[in-house]
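Participant: As a plain string of letters, each chain reads:
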Amino acid sequence: MFFIPGQVIAFLTFPGVIVHEAAHLFFCKLFKLKVFNVCFFRFGNPAGFVIHENSENFTAQFFVSMGPFVVNTVLCVVFCTAAFLPVWELKVNDPLAYFFYWLGLSIGMHAFPSTTDLSHLWKAAPALAKKGNLLAIVSLPLSGVLVVLNYGRVIWADLGYGIAVGVLGPLAIFRAFARM
Amino acid sequence: MSQVACCECSQSISSGEAYELNGKVYCAPCARTAAERAKAAGQPISVTRYVDKSLCARCSTYIGEGGEVAVGNARLCVACSELVKDWPYPQWLKLSLAGFLLLLVFALIHGRKYFQAGKDLYRGEQLIEKGEYQQALPYLKATMKLAPNSDKGALLTAKAALLSGDVLTAAHVLEGHNNGRFENSDKPDFQEVKRLWDNANAAMDKLQIAAKLEEQDGKEVEAAKLAHEAAAIYPRFPHLDILLDQYDEGVAFAKKDYDTFLALAEKDWNLLPASGSAAMISSALACEYAVTGNATYRQRSEEMLAKAKELAKGDKESLDRLAEFEKRNTYRLETRQIITKSEYDRKFPNPKNSGN
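Taken in sequence, the protein lines are chains A and B.
Going by numbering that gives the first Met the number 0, the first residue of the first sequence is number 0, and it counts up by one from there.
Going by numbering that gives the first Met the number 0, the first residue of the second sequence is number 0, and it counts up by one from there.
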């Protein structure tokens, strides 16, 4: 395992940071939450942020926290799907395909919500889950796993997630389409 | 930044450095002492940063008693208040999003050809799994056109080609792939293709030797043995059964077993009605005529030769071969003497002579 400063990683994968924060902002606006400050990218820690008011509405909390996770994951799959076959299966030296793969992986690497976002969900979810709130039920194991993965960033869990999504997602899509 | 006075030490401090505890304003040291005191007295402790309600919490503009409550005690000026309510997407982000969507569409369009090649590869693989090697080949060949460096594609194409007897395609694919190099030669897929390839080559070597032996008188049995060994190693050459029959016909001819010669020739004719197999029947019938003197054999031999010529129409090489064969066959029919091609060539030297 080797260490690369987070700022360098963020710089190399900046599209993912921007997409993550843009998705945060989008869901904040969707749920009409007040936004106090936004930084889409900077050389610092964190590389980007959206400071917004906390909501009492769990649905809003869920989507604001998990929105970037879903958006980044989906975009990672889409871009990697366009590049998966030439890069992995066909071994074609197509620079565009490698560019799309870099873009997809960069976006996938920044899918994890921040620990702060997850802790809000983690606190609010149990009571609502007991009342049968579906989002709360889903968010409990999901945020648990994501908290662990967030800590796993020191051992490249974020890159691992990006690669897993960028390989398995396109593979599943391809297999499904190829059977048609 | 405005100034406030600490309620404990009365020192004037900047509002940014002040703290609030139970509704009172403290400097940092006094806030700590007050918090400890409250804790000892069992009172609730909630130390927060002092918020100067006369200043906008975002831009620090003086708003006095005006402004709007944004969150908690924080007040914002009208402009900031509008901003936080509906934070606008920056122009560059909108443009980037448009560019991003275009890029996404382009990525998918650009990837379409790879998708088709991948789909062909997948179909080819499925057909190989079903044992439909010949049907798999066109799909795999199409993939290899776009991706000649794909290990998987090359191995699957070579496998389908070798298992359908198309050694030439297998050679073309394997030798054209990274100069014959593969990333992981320990993989079972590679080992399987290598085994097939080695067998095909060993079989071809044996068949080449067999072909040379067949041209020599008295080597028919050895040639047929080698041909059968080749077939045992690699039984997938096209029309191998006919080829083996032809070697066996040579053996039957050498052993003067003309009934077997005729039976094998007729079997091949039924399998592949072509100029060559018709000529072979004609030859076998001529032998039967030479031995028995039965005119029916002679008539049938001539009929089959005519059929052979009919089938060879337009094929100069076959017609030349038939012309040479016709002379030998006519000699056999006229003299009722059965001699080998070598014997005939020695008797009637002609550099163009070839065939059985």
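Hints in this document: simulated from the structure, not taken from any laboratory.
Here a beta-carbon is modelled for each residue, glycine too, at the ideal position from N, C-alpha and C.
One thing to keep in mind: the hints can contain errors.
To be verified - In silico DSBU-like pairs for lysine-lysine, Cα to Cα no more than 35 Å straight-line:
1. A:33 x B:326
2. B:118 x A:90
3. B:218 x B:186
4. B:52 x A:33
5. A:90 x B:306
6. B:306 x A:122
7. B:340 x B:224
8. B:140 x A:90
9. A:90 x B:186
10. B:52 x A:28
11. A:33 x B:23
12. B:129 x B:144
13. B:112 x B:84
14. B:84 x B:38
15. A:90 x B:84
16. B:129 x A:90
17. B:84 x A:130
As the list claims (entries may be wrong) - Covered stretches of chain B, going by a simulated chain A footprint (3 or more residues, C-beta under 8 Å):
18. 105 to 112
19. 115 to 121
20. 149 to 162
21. 294 to 306
Participant: Indicate, hint by hint, whether the structure satisfies it.
Facilitator: The hints, checked one at a time:
Restraint check: the Cα-Cα separation between residue 33 of chain A and residue 326 of chain B comes to about 104 Å, which exceeds 35 Å; the hinted pair is violated. Taken as a hint, the residue 118 of chain B and residue 90 of chain A pair is honoured in the structure, with Cα atoms around 15 Å apart against an allowance of 35 Å. At roughly 42 Å between alpha-carbon atoms, residue 218 of chain B and residue 186 of chain B are farther apart than 35 Å, so this suggested pair is violated. With a C-alpha separation of about 18 Å, the suggested pair residue 52 of chain B and residue 33 of chain A falls inside the 35 Å cut-off, and the hint holds.
Pair hint residue 90 of chain A plus residue 306 of chain B does not hold up; C-alpha atoms about 53 Å apart against a cutoff of 35 Å. For the hint pairing residue 306 of chain B with residue 122 of chain A, the CA-to-CA distance comes to about 93 Å; that exceeds 35 Å, so the pair is violated. Straight-line distance between C-alpha atoms of residue 340 of chain B and residue 224 of chain B comes to about 21 Å, which keeps the hinted pair within the 35 Å bound. Taking the CA atoms of residue 140 of chain B and residue 90 of chain A, the gap is near 15 Å; set against the 35 Å cutoff, the hint holds.
Straight-line distance between C-alpha atoms of residue 90 of chain A and residue 186 of chain B comes to about 17 Å, which keeps the hinted pair within the 35 Å bound. For the hint pairing residue 52 of chain B with residue 28 of chain A, the CA-to-CA distance comes to about 26 Å; that is within 35 Å, so the pair holds. For the proposed pair residue 33 of chain A and residue 23 of chain B, the alpha carbon gap of about 28 Å is at most 35 Å, so the pair holds. Distance restraint check for residue 129 of chain B and residue 144 of chain B: the Cα-Cα separation of roughly 24 Å lies within the 35 Å cut-off, and the hinted pair is therefore satisfied.
Between the alpha carbons of residue 112 of chain B and residue 84 of chain B the distance comes to roughly 47 Å, so the proposed pair goes past 35 Å and is violated. With a C-alpha separation of about 38 Å, the suggested pair residue 84 of chain B and residue 38 of chain B falls outside the 35 Å cut-off, and the hint is violated. Taking the CA atoms of residue 90 of chain A and residue 84 of chain B, the gap is near 50 Å; set against the 35 Å cutoff, the hint is violated. Pair hint residue 129 of chain B plus residue 90 of chain A holds up; C-alpha atoms about 26 Å apart against a cutoff of 35 Å.
Restraint check: the Cα-Cα separation between residue 84 of chain B and residue 130 of chain A comes to about 31 Å, which is no more than 35 Å; the hinted pair holds. A count of 4 residues in the segment 105 to 112 of chain B with a Cβ less than 8 Å from any Cβ of chain A is obtained; the coverage claim is therefore met, three being the minimum. Requiring three or more residues with a Cβ within less than 8 Å of a Cβ of chain A, the coverage given for the segment 115 to 121 of chain B holds, as 5 such residues are present. Only residues whose beta carbon comes within less than 8 Å of a beta carbon in chain A count, and the segment 149 to 162 of chain B has 4; three or more means the coverage holds.
Three residues within the 8 Å Cβ limit are the bar, and the segment 294 to 306 of chain B against chain A gives 0, so the coverage statement is violated.
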